[in-house]
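J.: Read top to bottom, the protein sequences are chains A and B.
Everything in the first sequence is counted per our numbering, starting at 1 for the first residue and increasing by one.
Everything in the second sequence is counted per our numbering, starting at 1001 for the first residue and increasing by one.
Please note that the accuracy of each hint is not assured.
Claimed, not checked - With a straight-line Cα cutoff of 25 Å, these simulated DSS-like cross-link-like pairs (lysine-lysine) come out:
| no. | chain 1 | residue 1 | chain 2 | residue 2 |
| --- | --- | --- | --- | --- |
| 1 | A | K294 | B | K1035 |
| 2 | B | K1035 | B | K1450 |
| 3 | A | K294 | A | K149 |
| 4 | B | K1201 | A | K364 |
| 5 | B | K1031 | A | K364 |
No wet-lab data here; the hints were simulated from the structure.
Quantities reported herein were computed from a predicted structural model and do not represent experimental measurements.
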Amino acid sequence: MLTNILTVALPEIIILISAMSVLLLGVFFKNKNATSLFGITQLTLLIAAYFTSQLPIESKLLAFNDMFVADSLSLYLKLLSYFGLSLVLIYSRDYLLKKNLLNGEFFSLVLFALLGINLIISSYHLLTLYMGIELLSLSLYTLVAIDRKRQEATEAAMKYFILGAVASGFLLYGFSMLYGITGSLYLNEISQQIGITEANPMILSFALVFVTVGIAFKFGAAPFQLWVPDVYQGSSTPITMFIGSIPKFASVAMLVRLLYQTLDHLVMDWQLMLLVMAITSMLLGNITAIAQTKIKRLLAYSTISHVGFMLLGLATGAITGISAALFYIATYVLMTLASFGLILCLSNQRGDIDKISDLSGLAKDQPWLAFLLLIIFLSLAGIPPTIGFYAKFSIIQATLQFGWIWPAVVAVMSALIGIYYYLRMIKIAYFDEAIKATKPSKSVHSELNLTLTMNVIALIILGLFPSTLMEIATLTSALIF
Amino acid sequence: MMMNFILSIAIWTPISLGILLLILQKNLSEKIIYKLGNIFGLIAFLITIPLYIFFDTTYSGFQFQEIAPWISHFSIQYHLGLDGISLPLVMLTSLITWLVIFISSNSISRSLGSYIASFLILSGLMIGVFLALDAILYYVFWEAMLIPMFLLIGVWGGPNRVYATIKFFLYTVLGSLLMLVAFIYLFNQTGSFSIIDFYSKQLSLNAQVLLFVAFFMAFAVKIPMWPVHTWLPDAHVEAPTGGSVILAAIMLKLGAYSFIRFAMPIAPDGLLLLKPYLIAISLIAIVYIALVAIVQTDMKKLIAYSSISHMGFVTLGLFMLNPLGFEGGYVQMISHGFISAALFFSIGVLYDRMHTREIKDYGGIINSMPVFGSFFVLFAMANSGLPGTSGFVGEFLVILGAMQENFWIAFLAALTLIFGATYSLWLVKRIIFGVVKNKKIAGLVDLNAKEFFVMSTLAGLTLIIGIYPALITDITNQSSIVMLELIQQSKI
């Protein structure tokens, strides 16, 4: 039994130990030696990644009384999470060091959040899932408020906390109804029970709606997106970067686990809900983003529209849809990290970047960073030859294959609206004269620049040769069931 | 060995030379950058010559084909091929790009290296569009092409450049996204993105009409056809000379080429159903836009509207679906490539000296610039379709084709010979002849050696094709026969 747990959940155990010891070590190290904490965290990620990758992709391994599962989905999403978090830490190190926030608490909270993400991804039982959600959410609320001297941050954390708590309540309510109908908390048993018993359709549909609303809240999909822009704007940039990227892996996993693996008999019912949310998110996200003047708010609305695209793929209820969404989420995180990485890079050199107009004249000051900006935003807009194009491409392919022609056309039209505001960013960086006199860049953070460059090159290389990542996503989604 | 990759070389040489120039430009002086860029442009042109030499005009299929798996998950291939319809356009692209680079040092003062590099990259991407036989490969080239053009207009353009370049980008993307949906629909039907597989796929009439409309949105914007033409005058007016030249000479042809390559053979029954409307739209472009051109006060805008009107001739010829019209439309495409390029170069020559494009600021140029004046008169004549120039051949064939279809179509189309002459000759009268308007004009210097070279090359080509159009029709003949057969077959 113990050996079983050790093989299946070893990465989580390592993350937990590391999260606690980092907190402890942080007390002794204070701020002087944050670099060693940074190193420990990165090492943890590396070790966790190593042990995760040792798990077989083809089989479904269960542990903790079958409440915890390791399958292809968890393998794919966990490895991406480690990689993403590692990048987040590299990008945010200098910025946090300057703001005096790089301490044991930060690393510990980030690791606990990762643990929550891992739990959600690997859950095979409603309680495991809920525990993961709470662990992730509580860590995120605290992370948003970690810069406690800033009023904005506290306000954002409060908003996030209240709305998040409501969402958790919805989920829990849905879970309890499911338990009432089926008498089980195991995902596979619930699915079987719904298949055979004639459950009260009223309670079942309420359960379904509550669960879907909870998922949509955590995803930040319209019409449950209200917290996204405020939290993005209020948190300090590294935290925004974290919130905007890795937890989305957990949201995708939560959706697949709950809707595809648990409520799979109700596919006809949730399909339409997801479709409506997908289209609303795409249109609302893209149209509202046009009016934004702050970069982080703009990226928040852009996130909402990207979530809409993912939901469109997931709404098909087909394997191709999942594989397209899994491909999309990987590319989305890579692009988001690059965009926030760029903002951090610029913030370190030109002072905090807040408004979009702060980017003006970038092409003259720093042509290389301007070029990276060009690629990043073209990728977010989905213009080939960047990876963003294939992400949208595979979603639209899955939608059309399912026979949804008009949703595909709406998706494409909303992508067109998106292109407008991404182009406006490029326009400001390339064509506008600098508004405020920029100080000559103080120190060139070569390590940060190098990471960003590698990240952007990855956007192009993957854009030219997306085959491998697509194959992996397809294999993963084919092996889930 | 080299022959196997001759098409890839034609695409990737200019792109890699462009990137090389971008990297090198930091440490070089303007003069060396110009020389280097010029050599690169010449190389990019010279490597397309073997395509012409080794092209087999008796064979109607695709030549020099290259196939390699690219994105196996969606069975997307790196598939290139050349036929009689793409060859003249490839040659046109590489030649005009070189000429644009050759004359660039006259009008561009800042970041010349990036300017030349953009054109080199753009040229490779456009050649890629003409050679791709896989829909997604084609789409990637088609979209990627927008990026250098977006920057060319936005960075080196006129005062209202940002508005113009964003409008250009959004209009084009609007159409091409629908085209992407059409491609994916076809993929779901055939299981492949190969254009050749698309040709043989049977489709219902309803599907064909929708597909044709989706393609139409993409290509009509690019050509541009009335009523989606409004981006073109803006883009032309704001673009630097080189940008205008490439836009008029090549980019507009991409739309017409894509109609021949995709929309017409893939959805022939849809085309047949929509044919009356398409002909009507083409005629509106020919007549109405020509009238609009007459009243313009900005000469670049005038030539831009004249371009739209001439592209109306191209689409009219293509959509008539008879051999004369098809051939005529195609020759008109190539001929317009030379003539519009020459006219935009001419305006560039004037603008570099006078820094104004208003027609009323000019007059009596012939007194100070006799050589330029003669060239300009020749190109204006060619633009209005004077026999002996290439402009005549295309228009004449299209009108003959229209006559086979219906007398009134031919009549309306032939009106353009009058309108075209009106705006071209009136422009000549106001700019070249008449009294010398002001001291600045009296002091103008005639063409320098570089300008003379560019002008005489284009003049020579205009005349050669005008006198001996078989130079083009021999190449296109076999392919266009096959293409027309494909278009005339029902696919229901």
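J.: Against the structure, test the hints numbered earlier, and report the numbers of the ones violated in rising order.
T.: 1 and 4
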